[in-house]
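2 protein chains.
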Amino acid sequence: MTQDTHLTIAALHARVEAIFRRAGLNERQAGALSRVIVAGERDACKSHGIYRIEGALRTVKAGKVKPDAVPVLDANEGSAIVKVNADGGFANTAFELGLPVLAERTRALGIAALVINDCTHFSALWPEVEAVTKAGLAALVMCPSYATVAPTGGTRPLLGTNPFAFGWPRKNAPPYVFDFATSVAARGEIELHRRAGKKLPEGWAIDADGNPTTDPEAALAGAMLPFGGHKGSAIGTMIELLGAIMIGDLTSPEVLDYLGTTTLAPFHGELIIAMSPEAFAKGRPGDPFARAEQLFEAIVGGGARLPSQRRFAARKVSETDGIKLTAAEIEQLDRLLDKGLDAVA
Amino acid sequence: MTQDTHLTIAALHARVEAIFRRAGLNERQAGALSRVIVAGERDACKSHGIYRIEGALRTVKAGKVKPDAVPVLDANEGSAIVKVNADGGFANTAFELGLPVLAERTRALGIAALVINDCTHFSALWPEVEAVTKAGLAALVMCPSYATVAPTGGTRPLLGTNPFAFGWPRKNAPPYVFDFATSVAARGEIELHRRAGKKLPEGWAIDADGNPTTDPEAALAGAMLPFGGHKGSAIGTMIELLGAIMIGDLTSPEVLDYLGTTTLAPFHGELIIAMSPEAFAKGRPGDPFARAEQLFEAIVGGGARLPSQRRFAARKVSETDGIKLTAAEIEQLDRLLDKGLDAVA
Chain A
8 MTQDTHLTIA ALHARVEAIF RRAGLNERQA GALSRVIVAG ERDACKSHGI YRIEGALRTV
68 KAGKVKPDAV PVLDANEGSA IVKVNADGGF ANTAFELGLP VLAERTRALG IAALVINDCT
128 HFSALWPEVE AVTKAGLAAL VMCPSYATVA PTGGTRPLLG TNPFAFGWPR KNAPPYVFDF
188 ATSVAARGEI ELHRRAGKKL PEGWAIDADG NPTTDPEAAL AGAMLPFGGH KGSAIGTMIE
248 LLGAIMIGDL TSPEVLDYLG TTTLAPFHGE LIIAMSPEAF AKGRPGDPFA RAEQLFEAIV
308 GGGARLPSQR RFAARKVSET DGIKLTAAEI EQLDRLLDKG LDAVA
Chain B
8 MTQDTHLTIA ALHARVEAIF RRAGLNERQA GALSRVIVAG ERDACKSHGI YRIEGALRTV
68 KAGKVKPDAV PVLDANEGSA IVKVNADGGF ANTAFELGLP VLAERTRALG IAALVINDCT
128 HFSALWPEVE AVTKAGLAAL VMCPSYATVA PTGGTRPLLG TNPFAFGWPR KNAPPYVFDF
188 ATSVAARGEI ELHRRAGKKL PEGWAIDADG NPTTDPEAAL AGAMLPFGGH KGSAIGTMIE
248 LLGAIMIGDL TSPEVLDYLG TTTLAPFHGE LIIAMSPEAF AKGRPGDPFA RAEQLFEAIV
308 GGGARLPSQR RFAARKVSET DGIKLTAAEI EQLDRLLDKG LDAVA
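Same order as they appear, the protein sequences are chains A and B.
For the first sequence, the working numbering begins at 8 and goes up steadily by one.
For the second sequence, the working numbering begins at 8 and goes up steadily by one.
Take these hints with a grain of salt, some might be off.
If chains are identical, the list can't say which one is meant, so a pair holds when it fits in one copy or spans any two.
Below, a list of computed lysine to aspartate or glutamate pairs in the EDC-like style, where the Cα atoms sit at most 16 Å apart [unchecked claim]:
(1) 346 x 61
(2) 178 x 300
(3) 331 x 11
(4) 205 x 222
(5) 289 x 81
(6) 346 x 24
(7) 289 x 84
(8) 141 x 24
Just so you know, the hints here were simulated from the structure itself, not pulled from any lab data.
Chain A on its own, in the form it takes in the complex (with noise of 0.2 Å):
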């Protein structure tokens, strides 16, 4: 039998929390993953989805994340910038916490931050993105990774895939969302290409020389490339200073040193900046957010796309008819369920 099942957003839930829940993730922790997980497969993001449940039952089991992590939130009263330290577990359960402070901060002095320590990072930033939009405000969110990218010009991996997100409010539609790697291609794609024995486009990645190379043998020992060049090698380089050294964490040459591998979840901080629209544009023309929907009308009447639009499409399949997955991704859920860590290397 190999028939397809559609589980609702809640069954599917509902199982992914039952695993992290087995593997000895307490309850936050498994909430917050399993919200995560769920968000990626509804919105056909795949990489994001179930996929991803063995890498972080893999960095529990090397001990590079606390399954029973508690984070612990600094609201910082009179200052814009609220702290949570995540207490060594997962960045998304520190999110959930931080939010609602965040937000009340932002409304109250216009823009404000949160900044999550000592997290090991999951999935996409999407999701917290999407989060600060729904309370009305716009939000840049930032954070390093591995040590994989060189700087335009540079010759040694100094840089992560360091991902840049941004999110716009809407009142009748999915929020303005984009978040993206700072490198041009993503790790993955460099990997997928050497299995399947293809050369990579020319501009994705330097060899252990520096040297540019279209060999994905060789750019797995060199260095992937930044997007758009010495600017996006620019924002790359920012974020390393904003999302990394300002905030007190590590940075993507000290993330792979203690990590040793870019197998698991990598642990440093984050960086995530809110802003109150209704603050800024308060006595000038206008309504901002009707002001922006002009904008976005006339880039769709310009025949471009608006970023996203692909996950809500697919997210508002899934809110009614359920999400779609296959027999052996069912067999996988609860081969990850019966053996928890065991599951895994």
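With chain A's structure known, arrange chain B on it following the hints.
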């Protein structure tokens, strides 16, 4: 006689300021404009130096900037947003008024924003970024421009060249600073190709039908493209949202409608976000400034360059040897001083 002249920074400032005073700018407008123009010449950044004086004068003559504007500060006590209304004058004057309050607010709250409204934007963003770093703070600065750039996949110019700038303070070196257009190329570069009868590199522009073109004429009638494909396009869109719509000021299409040309300095707003590395890093291991130096050393040690180094090297020369101007440039300054607004069309 075609001998070069060396002027001290102060002497060049006095000459430029006299030109602006003669053209009817009040002391504050003339002073702030002269400081950024002289900074451009000092850093051998000729495209932002005395070459720009005529554009400023043309904008005054066209009635699109108020020469006797007096910016008004709204310190907005209790908020993390400091506002300056430029009163229809140049952004630089408004920035000078707002900076001390922004710095104080950022030190108190950890993160704060300076919004400049109703200003004519002039020259580059790096003078402002550098001024924030001098206060020991990190800065993120952005503003729209004229609509000359099509979002990726689109056929119509809807975005500006929307500059994005960042600075990080360094204790014993000039700051880490980048400041770039989010288009692949500047509009001036396309114009230079047109005059030289040269084809454009691929990927710079599309024609009026949205097709890729290497013909400068077709590009000027069509649109420029964002840097880095859909990622740069997303950042350019973010700048319209944050640096125009959120702050209640004109977007790039609105700027072009208002001016009817790209030859005058653009009228819009500007967003400056400042962060205190000391406040963010408080209670965490490691000094953020020392850790940043390790990152910069690794970048340079790996063969890459830090941005803005050419400017800083030129600055050092100018500070000791003065600023070298050609006889034609000196004549031009004399002519502008002599004729005032009659010197420009």
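So, against the hints stated earlier in the document, which numbers end up violated here? 8
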